[in-house]
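Asker: In the order they appear, the protein sequences are chains D and L. One point on numbering: in our numbering, the residue at position 80 of the first sequence is 80, and numbering is uninterrupted. One point on numbering: in our numbering, the residue at position 125 of the second sequence is 125, and numbering is uninterrupted.
Worth flagging that the hints you see were computed from the coordinates, not collected in a lab. Possibly wrong hints are sitting among the right ones.
Remember, identical chains collapse to one label, so a pair may be satisfied in a single copy or spanning two.
Stated by the list, open to error - Think about it this way: if two alpha-carbon atoms lie no more than 25 Å apart in a straight line, the pair counts; the simulated SDA-like pairs of lysine to any residue are:
no. : residue 1 : residue 2
1   : 63        : 38
2   : 63        : 104
3   : 287       : 224
4   : 287       : 82
5   : 63        : 93
6   : 287       : 81
7   : 287       : 92
8   : 86        : 190
9   : 287       : 102
10  : 63        : 220
11  : 86        : 283
12  : 287       : 71
13  : 287       : 266
14  : 287       : 83
15  : 287       : 54
16  : 287       : 172
17  : 287       : 25
18  : 63        : 76
19  : 287       : 77
20  : 287       : 89
21  : 86        : 31
There are 2 protein chains.
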Amino acid sequence: MNVLACDMGGTRVKAAVVAEGRILARTAIAALSHRPMRDCLASLADAFRQVGVEAAIRPDECKGIALSFPSLVDSTTGWVLDSYGKYPDAPGTDLAAWARAEFGLPLAVENDARMALIGEWRHGAGRGCDDLVMVTLGTGIGVAAVMEGRVVRGRHGQAAIMGGHLSVRYGGRECSCGNLGCAEAETSLAFLREIAGARPDFSASGLLSESEFDYEALFRHARMDDPCARALADHSVQVWGALVVSLIHAFDPAKVILGGGIMAAADQVLLPISDYVNRHAHTPWGKVEIVPSQLGDAAAIMAAEWLLDERMRVR
Amino acid sequence: MNVLACDMGGTRVKAAVVAEGRILARTAIAALSHRPMRDCLASLADAFRQVGVEAAIRPDECKGIALSFPSLVDSTTGWVLDSYGKYPDAPGTDLAAWARAEFGLPLAVENDARMALIGEWRHGAGRGCDDLVMVTLGTGIGVAAVMEGRVVRGRHGQAAIMGGHLSVRYGGRECSCGNLGCAEAETSLAFLREIAGARPDFSASGLLSESEFDYEALFRHARMDDPCARALADHSVQVWGALVVSLIHAFDPAKVILGGGIMAAADQVLLPISDYVNRHAHTPWGKVEIVPSQLGDAAAIMAAEWLLDERMRVR
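Please model the entire structure based on the sequences and the hints provided.
Answerer: Below, the structure is given as structure tokens:
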């Protein structure tokens, strides 16, 4: 049965028709994340109609709509609880009413990090394993967990997805979440330039010549023995390693999936983190596998069928 | 229905008969934690017979035995998985066979931090709340969680109970678990003297005159404005605060229960930790309650009935 899937990112919105674990048609549009939800949803409806035409499927013949949202979500009611500046009026918007009115379809909504993990769990790097943690290293750090075959959500919907905000340095850098020394505040794209700028050796670093200051550039200069880049790369691996060990100690997974744009430099990231975890995680039962995501930025879209099925079982 | 309950600590073993949430009789014996399990179990059998006499109940008329063990346990099979030096041959001991042979009773075994939380959940500070984290500040730091009414155990039985070993300082002190900068390594009774000794102001501290160097002494000297004690107390509160925020971000509880010997100085500990958590935990739904344990060192004993009931439902 066909499903309409949407992954609402901070900069891009992906829309697709998915069936039986395959994407039949997809498109991406620029996010209007600072405009009213009314405008965003109008663009999304157009995108759904467009992928419907491509896949030769009428949207209203689909089973429902699954929406991945970059924020805290009440997955039972489908309401966005907090939008952290992206899509500011999303928390007051009745998304289910929109889906009914626009397409006559039921809607299921879930946090984007959780959706990426569900996608990898059902169709990607987590297939066959019911105890997973996923860490997405991007602008921020997205985390989600599946324990004993259940998606970890918690009483207020924020369990595990706040995992990028575990304190890895008490008294450390102030994070946008209000905590101190979160992994995300200690290293993530959002803070990397600021962290680099605070280092005395930054003024002599080749990193200054980069127009795009991201982890790809950081690891490239580190390989060229740029001292500032080398130190920052080591620092990042330590923070990520400490975070992954904490997540293993919290959720007891058999496998940790690493995702995000950074996985373009997978060899620079995956091996050092695996090595750190092998040395420092306390897992007397054996070794946690650290693996790269397989679905990349299609992971959340690939979770759409599972999420709708779950929603319909619950109702 | 009566249940035999045992809380096997590192220094004391508590044995009791429990029924309908009440302790009918109890005793405590010195732990033989460096002797073979055979000897420990013989003493325990005697203790069970003694509390049986006191409560006028024949042990073999009880429903079963619930055992709280200070280590990693497979709660499904009842085998101890790792003993961390305490009761070294416990992992190879068939405890269920002993319970059958000695009393003809079924046995359920669970980790001690988890048992303390189950006790508080059913009969103490956590009653009526299905989303709890408990942190026991003692020689080490014991952690356990209940999420959406389920005791958090995880694939290998180590979920949440490794919570004292979340990294709160990456690159920090080496912990006995193999990790760096665990909360337990950064402040706990096991490491406190060593941490104090590394401070230059320790040599002039009133703490040196204490025969018992524990948190009670630390907070007492801190109140007298001893600079070393003041700094160590502040440091400890920061570590505990950072840990509790991490646990809230991981498990999304409505309430955090603080337990352990340290709660004798509850006003010195509970208020500063609550204050830290109120400022730094990201909980847009409201405030996490931070409360002291109600059952103290009887908490694990009070979990006995629930654990046996659960075991029998599963079988």
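Asker: Taking the hints in turn, state whether each one holds.
Answerer: Now for the hints, and whether the structure bears them out:
Taking CA atoms no more than 25 Å apart as the test, residue 63 paired with residue 38 passes inside one copy only; the shortest distance there is 23 Å, against 62 Å between copies. In this assembly of identical chains, the alpha carbons of residue 63 and residue 104 lie at most 25 Å apart only when taken from the same copy (10 Å versus 56 Å across copies). In this assembly of identical chains, the alpha carbons of residue 287 and residue 224 never lie at most 25 Å apart, being 32 Å within a copy and 48 Å across copies at closest. For a Cα distance limit of 25 Å, the shortest separation of residue 287 from residue 82 across copies, 16 Å, qualifies, whereas the shortest one inside one copy, 37 Å, does not.
For the identical chains of this complex, residue 63 and residue 93 are intra-copy neighbours only, at 22 Å inside a copy versus 54 Å across copies, given an alpha-carbon limit of 25 Å. For the homomeric pair residue 287 and residue 81, the shortest alpha-carbon distance between copies (15 Å) is at most 25 Å, but the shortest distance inside one copy (37 Å) is not. In the homo-oligomer, the alpha carbons of residue 287 and residue 92 lie at most 25 Å apart only across protomers (22 Å), although the nearest pairing inside one protomer, at 45 Å, exceeds that limit. For the identical chains of this complex, residue 86 and residue 190 are intra-copy neighbours only, at 15 Å inside a copy versus 46 Å across copies, given an alpha-carbon limit of 25 Å.
For the identical chains of this complex, residue 287 and residue 102 are neighbours neither inside a copy (49 Å) nor across copies (38 Å), given an alpha-carbon limit of 25 Å. Taking CA atoms no more than 25 Å apart as the test, residue 63 paired with residue 220 passes in neither setting, with 46 Å inside one copy and 65 Å between copies. For the homomeric pair residue 86 and residue 283, the shortest alpha-carbon distance between copies (18 Å) is at most 25 Å, but the shortest distance inside one copy (38 Å) is not. With identical chains, the CA atoms of residue 287 and residue 71 are at most 25 Å apart between copies only, with a shortest distance of 19 Å across copies and 32 Å within one.
Proximity of residue 287 to residue 266 under the C-alpha cut-off of 25 Å is restricted to the intra-copy arrangement: shortest distance 20 Å within a copy versus 39 Å between copies. In this homomeric assembly, residue 287 and residue 83 come within 25 Å of each other (Cα to Cα) only across copies, at 19 Å, whereas the closest approach inside a single copy is 37 Å. For the homomeric pair residue 287 and residue 54, neither the shortest alpha-carbon distance inside one copy (45 Å) nor that between copies (48 Å) is at most 25 Å. For a Cα distance limit of 25 Å, the shortest separation of residue 287 from residue 172 across copies, 22 Å, qualifies, whereas the shortest one inside one copy, 30 Å, does not.
Neither within a single protomer nor between protomers do residue 287 and residue 25 lie at most 25 Å apart by alpha-carbon distance, with minima of 39 Å and 44 Å respectively. For a Cα distance limit of 25 Å, the shortest separation of residue 63 from residue 76 inside one copy, 18 Å, qualifies, whereas the shortest one across copies, 39 Å, does not. Taking the shortest alpha-carbon separations for residue 287 and residue 77, only the inter-copy value of 22 Å comes in at or below 25 Å, while the best intra-copy value is 38 Å. Proximity of residue 287 and residue 89 under a CA criterion of 25 Å is satisfied inter-copy only: 23 Å between copies versus 44 Å inside one chain copy.
Within a single copy, residue 86 and residue 31 get their C-alpha atoms as close as 10 Å, which meets the 25 Å cut-off; across copies the closest is 57 Å, which misses it.
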